[in-house]
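S.K.: Heads up: the sequence lines are chains U and A, in that order. Count the first sequence with the numbering used here and you get residues 1 to 118, in order. Count the second sequence with the numbering used here and you get residues 1 to 118, in order.
Just so you know, not all the hints are guaranteed correct.
One copy or two, it doesn't matter: identical chains are merged, so the pair holds either way.
[Unchecked claim] DMTMM-like cross-link-like pairs, simulated, lysine to aspartate or glutamate; straight-line CA separation at most 25 Å:
1) K35 with E93
2) K7 with D22
3) K35 with D22
4) K35 with E9
5) K35 with D62
Source of the hints: derived by calculation from the structure; they are not laboratory data.
2 protein chains.
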Amino acid sequence: MLLTSEKLELDLKSKLFRGFSDTSRLSILESLRIKPLNVGEIVQATGLNQSNISNHLGCLRDCGLVMSEQRGRFTYYRLADDRIDSLLRLAEELLSDVAKGVYQCTRYEVTEGANNGD
Amino acid sequence: MLLTSEKLELDLKSKLFRGFSDTSRLSILESLRIKPLNVGEIVQATGLNQSNISNHLGCLRDCGLVMSEQRGRFTYYRLADDRIDSLLRLAEELLSDVAKGVYQCTRYEVTEGANNGD
DNA sequence: TCATTATATCATTAAGTGGTGATATAATGA
DNA sequence: TCATTATATCACCACTTAATGATATAATGA
Numbered sequence: 001m002l003l004t005s006e007k008l009e010l011d012l013k014s015k016l017f018r019g020f021s022d023t024s025r026l027s028i029l030e031s032l033r034i035k036p037l038n039v040g041e042i043v044q045a046t047g048l049n050q051s052n053i054s055n056h057l058g059c060l061r062d063c064g065l066v067m068s069e070q071r072g073r074f075t076y077y078r079l080a081d082d083r084i085d086s087l088l089r090l091a092e093e094l095l096s097d098v099a100k101g102v103y104q105c106t107r108y109e110v111t112e113g114a115n116n117g118d
Numbered sequence: 001m002l003l004t005s006e007k008l009e010l011d012l013k014s015k016l017f018r019g020f021s022d023t024s025r026l027s028i029l030e031s032l033r034i035k036p037l038n039v040g041e042i043v044q045a046t047g048l049n050q051s052n053i054s055n056h057l058g059c060l061r062d063c064g065l066v067m068s069e070q071r072g073r074f075t076y077y078r079l080a081d082d083r084i085d086s087l088l089r090l091a092e093e094l095l096s097d098v099a100k101g102v103y104q105c106t107r108y109e110v111t112e113g114a115n116n117g118d
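Please work from the sequences and hints to get the whole structure.
M.R.: In structure tokens:
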């Protein structure tokens, strides 16, 4: 059983991770690892459509993973904290070891064709 | 636009994070940070029901986040890698700063009553 | 073998969630 | 003001997913 404060932490943590748990949001975050981009640039970088990206950006911003800054007609987004990059990096390291296991996880199917050659 | 290999990485990464993105799975992982537990012990630690936990454990194991070991009639689960603990720790640090933002994210509502005192 | 205990699996249901198109808002310049 | 550009919001639909109860499997001991 969990204390209230622990439950609240769990909720926060799961929300945080949910920001990373979708390929679209993840590709947005990845595109922002290099440098801040405006929405149009994110569209180009990810190939997702504008409406979709705006929706995801809204979530990512609400969840504290990105910050936005208005410059004229453009809204520039950047990662809100260096530790977001660290989290992604750590995940990559971890994946390099357990990739097979995750790859074989059939419980949550990959949405798009993953070109899984086998 | 993304190369095939980058898309595959995205898929893997999002799957990995999805393991952390649900409060039930997260509470299972949390309970295993201390020491390996069998299913019954996880039931007690989390307050979730057995079937639910088994389902989540199946996913967590498939995704490489936990490993299981049979001991007699009991199946013991443990975190599959120290970096899983690191990821959780890093998330906690990050949250201590951006908690307000995540907390205010209304896009994905907290499933259970979070006893949010305010 | 049978009963019991521990865990896994399955089907169902209800709710969550992502993608999309249409539309709204907001900034800029003519 | 009007047109244009950049971004946000909204509603809808299809799909995903978590929780549950019932049941299956597997291990143990009587």
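S.K.: What hint numbers does the structure not satisfy?
M.R.: No hint contradicted; all consistent.
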